[in-house]
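Asker: Letter by letter, the chains look like this.
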Amino acid sequence: MLKKVDLTQGAIAQKAIKDAPFPAPFDPTLEYSAAVRGTWNIVNTGMLIPEAHEIFVCAQGCLRGVVLTAAEMGKMERFSSIFVQENNVLNGDMESLIIDGVSDILSKLKYTPRAVLLYTSCIHHFIACDLNYVYKTLREKFPHIDFIDCYMTPTMRKSGLNPEELMCRQLYSLWHKKDLDPKRVNIIGNNLATDKESDLIKLLSTNDLKVTEIHDCHTYEDYQEMAKGAVNIFYNSVAWPAVKYLKETYGQDYLYLPTSYNYDEMNATLTKLAQYFDITLPDYSHYQELIEAKLMQAKEIIQDAPIAIDYTVSMRILSLARLLLDHGFNVCRIYADGFEAVEKDDFYYLKEHYPQLQIFSVNNFKMRFNHYSTGTKVLAIGQKAAYFTDTPYFVNTINNGGFYGFNGILKMLDLIIEAFLKEKDTAKLVQKKAWGCELI
Amino acid sequence: MKQTASFISAYTADTSGVCSALYELGGLVIMHDASGCNSTYHTHDEPRAYYMDSAVYVSALTEMEAVMGGDDRLVNDILVAAKELNPNFIAICGTPIPLISGVDFAALATMCENKCGIPSLGIATNGMHSYLSGVSQAYQALFNRFVCPQTAKVKGAVNILGATPLDFSINSQVEDIRAFLEGQGFKIQSCWSMGSSLEEIAQSAQAEVNLVLSSDSLPLAKLFQKKYGIPYVVGVPYGEKFSQKLAGDLKAAIASGNSSVSYAKNTACKPQGIIIGESVTACSLAQSLAMDLNLNCQVVTPLAASPELLREIDRTCTDEDDLTALLKDAPLVIADGLYEPVVPSSAKFYNLPHEAFSGRMYRDKLPNLINKPLKKEN
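So the protein sequences, as listed, match chains A and B. Mapping of the first sequence onto my numbering: residues 166 to 605, in sequence order. Mapping of the second sequence onto my numbering: residues 3 to 380, in sequence order.
Among the clues, some could well be false.
Quick list of simulated restraints, FRET-style, between CB atoms [what the hints assert, rightly or not]:
{"no.": "1", "chain 1": "B", "residue 1": "TYR352", "chain 2": "A", "residue 2": "LEU274", "range": "19 to 29 Å"}
{"no.": "2", "chain 1": "B", "residue 1": "GLY119", "chain 2": "A", "residue 2": "ILE264", "range": "47 to 57 Å"}
{"no.": "3", "chain 1": "A", "residue 1": "ILE292", "chain 2": "B", "residue 2": "ASP74", "range": "24 to 34 Å"}
{"no.": "4", "chain 1": "B", "residue 1": "GLY197", "chain 2": "A", "residue 2": "GLU588", "range": "40 to 50 Å"}
{"no.": "5", "chain 1": "A", "residue 1": "ILE264", "chain 2": "B", "residue 2": "TYR352", "range": "31 to 41 Å"}
{"no.": "6", "chain 1": "B", "residue 1": "LYS117", "chain 2": "A", "residue 2": "ASN495", "range": "51 to 61 Å"}
Calculated pairs, DSSO-like style, for lysine-lysine (alpha carbon to alpha carbon, straight line, at most 27 Å) [stated by the list, open to error]:
{"no.": "7", "chain 1": "B", "residue 1": "LYS4", "chain 2": "A", "residue 2": "LYS240"}
{"no.": "8", "chain 1": "A", "residue 1": "LYS273", "chain 2": "B", "residue 2": "LYS4"}
{"no.": "9", "chain 1": "B", "residue 1": "LYS350", "chain 2": "A", "residue 2": "LYS240"}
{"no.": "10", "chain 1": "B", "residue 1": "LYS189", "chain 2": "B", "residue 2": "LYS229"}
{"no.": "11", "chain 1": "B", "residue 1": "LYS85", "chain 2": "A", "residue 2": "LYS169"}
{"no.": "12", "chain 1": "B", "residue 1": "LYS367", "chain 2": "A", "residue 2": "LYS597"}
{"no.": "13", "chain 1": "B", "residue 1": "LYS367", "chain 2": "A", "residue 2": "LYS240"}
{"no.": "14", "chain 1": "A", "residue 1": "LYS393", "chain 2": "A", "residue 2": "LYS412"}
{"no.": "15", "chain 1": "A", "residue 1": "LYS273", "chain 2": "B", "residue 2": "LYS350"}
Derived from the structure by calculation, the hints contain no laboratory data. We treat Cβ as the ideally placed atom computed from N, Cα and C, and that holds for glycine.
Isolated chain A (complex conformation) (with noise of 0.2 Å):
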């Protein structure tokens, strides 16, 4: 019989910040799988490029998850598939079968996309599939639309670029060369929106500077003048690849801004982008003024109730964990198996200043008996968080809700104040697939 665990022994899931090495706290094991379901996934991500229609071509098994998260989308009118199957395998047709499968499912489809994302999968890779000559194939065949590798082979996560930096690199691969506006600036990298009330892109806009996100493209066209950016903005470090290619293949600068929760770590990303465009930098003192008082004002509420925070909140959790430990909340739980690079500084101050705060797998296989209620209101900052603790009271919201710079925060400290107030069904809401998909 299955019987309960104990996380800080045997294949650790659980232990203190003290004790947690960066950036990777624990060891892999057998992993699970938490029904758990707002970040987002390579299909959702694509079908941000409006008029395009992506084709994926993979067993059964990889199949069925992507072709009903475009389902669930509402979106299977922009999705198709092509099935391998065995001879494929064996018989070595597989580079016929992906050119015939594309002409066939064009040849029927009730319009002519603008581009079709391609994404192959696994099994090309280990039977070296031509990939190049089915490429070349089809876009002599179809010169009117625009063919883009993309990538579903998971066995690779860990050799080079990672499935989300891989699809963020191909999102913006379609552009066609065009010459460089210095007025016009794009912000890449994120599944959300970019919040337009945020310090990022009233900073731009207010200076005369076109600013431009995936998201506001409607049309193809629209998506195409993006090329005409003089410079790619971009504050989730997955897009590293993508401004590294676009700065070699259209000349496009780019800039890393990430958001913080830390005053001085955002006046001076601010302050890198002002210098940039030589424009000015507002006195950012009163928002510093307005988030204390949210500060105080979220810590009477939620006084000293146990906080939890997990990795799909944010691209910034530990510098939201140190915020708020710094402000006498009670964080005590922080769910990941792992931190990104900008969260180096935070890991060391709060293994400094907090060293009991417990870190949590996610994937490790104990924690599939680890999700029941601790028996005391716990505030929960993310899904997976909710999830675990078994809590009603949690943040619902990925990618820091688009919020960015300042005023982010006092956004995000808001849905934390609402959340604490306020009991959502963690059921119903965790399991939805892709947080803000319908928005698309």
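Guided by the hints, dock chain B onto chain A, whose structure is given.
Answerer: Chain B only, in chain A's frame:
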């Protein structure tokens, strides 16, 4: 066959079939895969995932392990988990990349069992066949390993075979099948894969008859017949009249020792509609529609089906173009909602959700037709 689906979904694969079949038995089940199968199974194929714990995991296969060989790491990870979880058994099944690299699942299972003493099953799925194949392989592995030889039978005892959520979801259909059979005087010996423990499964050979609810359990039923002389009856008790017939066929099978398919093999009438689905469930529905509403339907199954499970007018059809052509003049189509894009607008369409096709999308719209008189509004 073009192997394309321009508009419709895909049935879930053998890997998920294995996990679904074994979910409630207290085992440690490992999909030997990088990552995708894990979330797909738990998101779209396993409605019990949120509320019922089960040790179903992915091995987190990497490229280097696939190329250089990573059996030792896999076995070690399994042993670490087994030591802490103390499962009833270990089951390891495969996906496309282990197929390419030639993983020997039987050998992996033997290695695990030799090192930890826990019964271990190697199930050579590859993610390229439907869930029916996976369920079927898992059942046969369970049978061969756990079902105890029995000479004494329990009077009126029946095993329910093929009761996975992939075909019956979690809307009380399986509970109602149990209640129906008990109401007919049968004793439920076991129910494969919802509601029975491994201990109950192990005592399955005490049954006098097997009820086959899905084509995935026909090979298991044949094993029971061959090894223990237990006959089987194929059919799902949909509708009122067909349910009564099925109960009668189960009693007749006990008396005669002969197996049967409960729905009629022949139908003289021209079909008035088409049902798309798994062969046993779809043919049972067709029979109940004919008996309760005098509505004759042809079954078209996109899944593998043994010829003995289809009626003369029924068809297998795995290609989207062929399916579209078959539906062209159909006045009525009963199928999962994700088939609607290939249903002509001239046809009346009834969405009959099938978890193995659309996952959780239409779960709340799935009717429970077990032993209920069918009405037009059903």
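Asker: For which of the previously enumerated hints does the structure constitute a violation, in increasing order of number?
Answerer: 4, 6
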